[in-house]
Amino acid sequence: MGHLDEQFRQVEDLQDEASPNFVEEVVVVFFKDSGRLISNLEQALEKYPRDFNRWDAYMQQLKGSCSSIGASRMKNECMSFRDNCGQRSVEGCMGSLQKLKREHAILRQKLESYFQLLRQVGPAGAATRPAM
Amino acid sequence: MSSTNPPSATSHVALTRHPLEHGCGLSEWRSRCRGTDSTSLKNGLLQASAPSIPLCCLCPMSTTVQEPPHVLAVDDSLVDRVVISRLLRSSKYRVTTVDSGKKALEVLSLGHESVQLIITDYCMPEMTGYDLLKRVKESAELRGIPVVIMSSENSPARIRRCLDEGAEEFLIKPVRPSDVSRLCNRAIAAMPMR
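Chains as they are written, first to last, in numbering that gives the first Met the number 0: chain A, 0 to 131; chain B, 0 to 193.
For the record, the hints were derived by calculation from the structure and aren't laboratory data.
C-beta atoms are modelled at their ideal positions from N, C-alpha and C, and glycine is treated no differently.
Be a bit skeptical, because a hint or two may be false.
[Claimed, not checked] Computed far set for chain A versus chain B, every beta-carbon distance over 10 Å:
#1 18
#2 19
#3 39
#4 49
#5 82
#6 87
#7 107
[Unchecked claim] So the derived list for chain B, only partly shown, Cβ under 7 Å to chain A, looks like this:
#8 77
#9 78
#10 79
#11 82
#12 84
#13 175
The following block holds chain B by itself, in its conformation from the complex (with noise of 0.2 Å):
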């Protein structure tokens, strides 16, 4: 497809790729439209209204429905699981909490490519936040997953650390809803396509 010629809508559909168990592509699309205005677009797709695009539920260029991410959250603290889960959930994430870094890795040794995301605290006995995120940075099967981190320690050293090791974001405790659903969008759409 040439980068010069305003492509058809059924072209774009054509070269669209959102496999079922992915964010959105929306980077994808850019790079192959480049000299397109994006705007156009998307419309021109939702015109074409292919059923066979899957839906990606951040991406509003598909049209059939699809699952939606998986978040893994970990938090040593009941109520911050609680919390943590209605919001990822009301923000139409499907979740998984477990209690400490071990249960996180057990979790992604039975079914790493489901996880989409995993959203860590920092504070917890035994295994860090950070520890974990070195876990997670330096498997060859897990590193491609974003991990954000949430603490209520609001250290420079501490955020800076965990940026260098690869975090996505680090967010401050208490965690509001709309921080959480922004940076996980964020975050799952920057992944590369597994």
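Extracted from the complex, chain A is given alone in its bound form (with noise of 0.2 Å):
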């Protein structure tokens, strides 16, 4: 499976000359906001011990932000922890969760990546024009 899906094509296809960076806001957006949601949720787990119902609450709210923008990889992680903590086990919420983060860093280095690759490339039709 994709790390990105058709999602991220449609938030793609909302950028034009009056949001020239809007993909790249959203992506920053996303992993401030993605980041500060798996930290409370750390927090939860240590916190509310066994208190399923409320991890399940922050992580369908960082499900609803993959989604969103299309991050596959990460939602299907943060299905299997919903699917853990509706069986109660703590063992699997705790894998599932280890797994979410690498996602979550794998998918970050990747975008990194292909934006400073759109940078590097420039505005399209750049790399056509004839040296003068």
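Dock chain to chain to rebuild the complex, using the hints, since each chain is given by itself in its own frame.
Here it is in structure tokens:
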């Protein structure tokens, strides 16, 4: 499965001359927001042991954000965490969270490279401008 | 004006109401001009090019520019607020975003006449989108504002509840730009004139 699904393309389609950096802006917001949610969840795991309802509520928020930008692998780990909450498995939840954090880091790295590459390539058409 | 005679473009200009602040009065046109083909009506009016008719951005019949519709978007998710606000702006709406039902009601109490549509997430802490919908529909001042609900849960019971309570539409998240702009256009066009 790819890291990003069709929803990411929908977000890309919203970028235009009026909002030329929209995708990168959304991605920055996403990583800040998801970082915060993961950190809140980790605190809740310690402070509220076996409080599966609370843990699930945090994860529902995170899943929503992942879904909105098309982060499909992260979304899958969110769903797996929620399944583990449903099964009341602390070990399962911890395992899913680790995988989620890994996918989070991988996606951040890949998107950073992607935006860097876009900047190097420059605006569309620049590469084809003949040298004078 | 008789409904059997094809009206002249000028007489249609005189009859048309396009208050500056609203969406499209197309249904008003058709009910007044029964028996006339609406396409030739449109053409007739465009030819008349009356500068006095304000432009409704949803209606092809008017000629001057007016204020785009104002949408109030309610969502506790920051990512979703960013996406939805861009999406609505790219469809030429004016957007105000808030992160809670409580703030939405505050905005509405300050200036409900300016809000043409409310689009709200269902799952929010403290006041859900459903609670907000109820408050809007129970209020004499607010109940004319169409409300669209968004939710990541595809629950028929939830959808039914919202539609029964008066929601115009129910969108499943993640919302797609095409869905939102299509539904907003429809909800605003269907609104009674205010």
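Violating hint indices (sorted, rising) = Hints 1, 12 not satisfied by this model.
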